[in-house]
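S.K.: In the order they appear, the protein sequences are chains Y and V. Be aware that the first sequence starts at 1, since it is given in my numbering, and climbs by one per residue. Be aware that the second sequence starts at 1, since it is given in my numbering, and climbs by one per residue.
It is possible that some hints are incorrect.
Pairs of lysine to aspartate or glutamate, EDC-like flavour, derived with a Cα cap of 16 Å [said to hold, decoys possible]:
(1) V:Lys6 with V:Glu114
(2) V:Lys65 with Y:Glu242
(3) Y:Lys38 with V:Glu90
(4) Y:Lys3 with Y:Asp193
(5) Y:Lys120 with Y:Asp295
(6) Y:Lys3 with Y:Asp141
(7) V:Lys65 with Y:Glu35
(8) Y:Lys126 with Y:Asp193
(9) V:Lys65 with Y:Asp141
(10) Y:Lys38 with Y:Asp295
(11) Y:Lys120 with Y:Glu106
(12) Y:Lys38 with Y:Asp193
(13) V:Lys104 with V:Glu44
(14) V:Lys6 with V:Asp20
(15) Y:Lys17 with V:Asp131
To spell it out: a stretch of chain Y is covered by chain V in this simulated footprint if at least three of its residues, at any positions, have a beta carbon under 8 Å from a beta carbon of chain V; those stretches are [said to hold, decoys possible]:
(16) 125-137
(17) 250-256
(18) 323-332
The set of hints was computed from the structure by calculation and includes no laboratory data. All residues carry an ideal CB built from backbone N, CA and C; glycine is no exception.
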Amino acid sequence: MAKQTPIYDHHVASGAKLVNFAGWDMPINYGSQIEEHKVVREAAGMFDVSHMRPVDIEGANARDFLRRVLANDVAKIDEPGRALYSCMLNARGGVVDDLIVYHLAENWYRVVVNAATTEKDMAWLKSQAEDFGVEVTAREDLAIIAVQGPNARELAAGVLGESLAEAAMALSRFRAAAEGDWSVGRTGYTGEDGFEIVLPAASAAECWKALLEAGVQPVGLGARDTLRLEAGLNLYGHDMNEDTTPGESNLGWTVAMNDEDRHFVGREALLMAQESGHSRRLVGLVLDGRGVIRDGAPVRERPGDEGEDGGREVDPDEAEGQVTSGSFAPTLSRSIALARVPADWAEQDALEVWIRDRWHAARVVKPPFVREGKIRISL
Amino acid sequence: MSDIPKELSYAKTHEWVGNDGDGTITVGISEYAQSSLGDLVFVELPAMGDKFSAGDVVAVVESVKAASDIYAPVDGEIVEINEALSDSPERVNEDPFGEGWLFKMTVNEPEHLENLLDADAYQAVVEEEQD
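Starting from the given sequences, assemble the full structure and let the hints guide the process.
M.R.: Structure below.
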């Protein structure tokens, strides 16, 4: 029996097509994924992401603990009300999960982790917490609604209490405001402006209804995936996992190496990898013709090009590159992908990707493909 | 329950077949199929005059998240394709049994049409997949 979020009844009433996602019954779309995608780029849409889990880290050593378990440095957010994106690594430098950490108050931080990794993350955090004497609590009593799009903040503020709304509208990017068990972060996963609202599960259905009445359209996880891919944002389990380092996933910028006295988990492994040079990189691909690049598709250099495989035909099952996320991009009306390839291929103008039964040329571009409603690559 | 018109025949692979009464059939995908695929973004259709045997891949429909082969329901030759789908693949989502038809083909052996499923039998196929 799959778990249901507190907003489940609204999804059913709105005609959602539900799928099992990481053990939860979640809306994949409410009719048309493409329309939902466009509404977020052009107006305002909302996502029930209550399957993701807020985890509170509390205690006098909370800051030290997070400086140990996160690859980014929470010393950057010493001022309460700030947020930071980070990877959590294993000792091999592989990514256990990616998350946003919020500094809520002195000695109180909150990380929001992925649904599919919640159990694994909790076991990992608790095992690491023993030496620090901090409390690690999965907040099953909280729900999360992400409201995203150019009109999102204004519409969302209208359903918040007066003082929280005022604090929320004053937030700059990657800041959060809290009031009791409600918190509002100016963060998201779509490449658009907006809020992520963490609130008591008991208030979630009512808040969703108020947002609906304010004109915010429900958007399913299908559009969430195409929005984040257009924005060049990685998806855990697809574009990174426990066997890839942040550097191999375009996330080198999120690893804070400068403080040599900060011995975070995975640091030694990353230093060793740095010395030998990253062997693989994540690149963006755009298909100029028809067809859709799919997850897992083989990628090779163009026969005739210079380079290791240059000039020779490579069979799909021998290709050294692989698509980690591929889809049709509604804003661009063509297919895009993230692909992990040997590092030197990143300098090529084009590569080839296997679609169904043959190789297709795809241009190499630097993500994001789209941000804040604007196309950021040449078409 | 998805819409399954009684007057059409169906294949287990979710194509519908309409008998045009002039020795040709019209083929499309069912409401259940379009709903399962989600928004279509490309439809790849055969060329006029292409000949197929029952079970051959005739066309491909691609949605945002998946590609699906469309099979020939019987042996025959393509006599018309729905060219409008090239620019407006969403017609298949909006009207799968009407404006979203895919192609028309001749039928070499009319008695083979009897091998197709009627609406009730197709309904059972859909129900089984949903379980």
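S.K.: Of the numbered hints stated previously, which ones are contradicted by the structure, given in increasing order?
M.R.: Hints 2, 4, 5, 8, 9, 10, 11, 16 and 17 not satisfied by this model.
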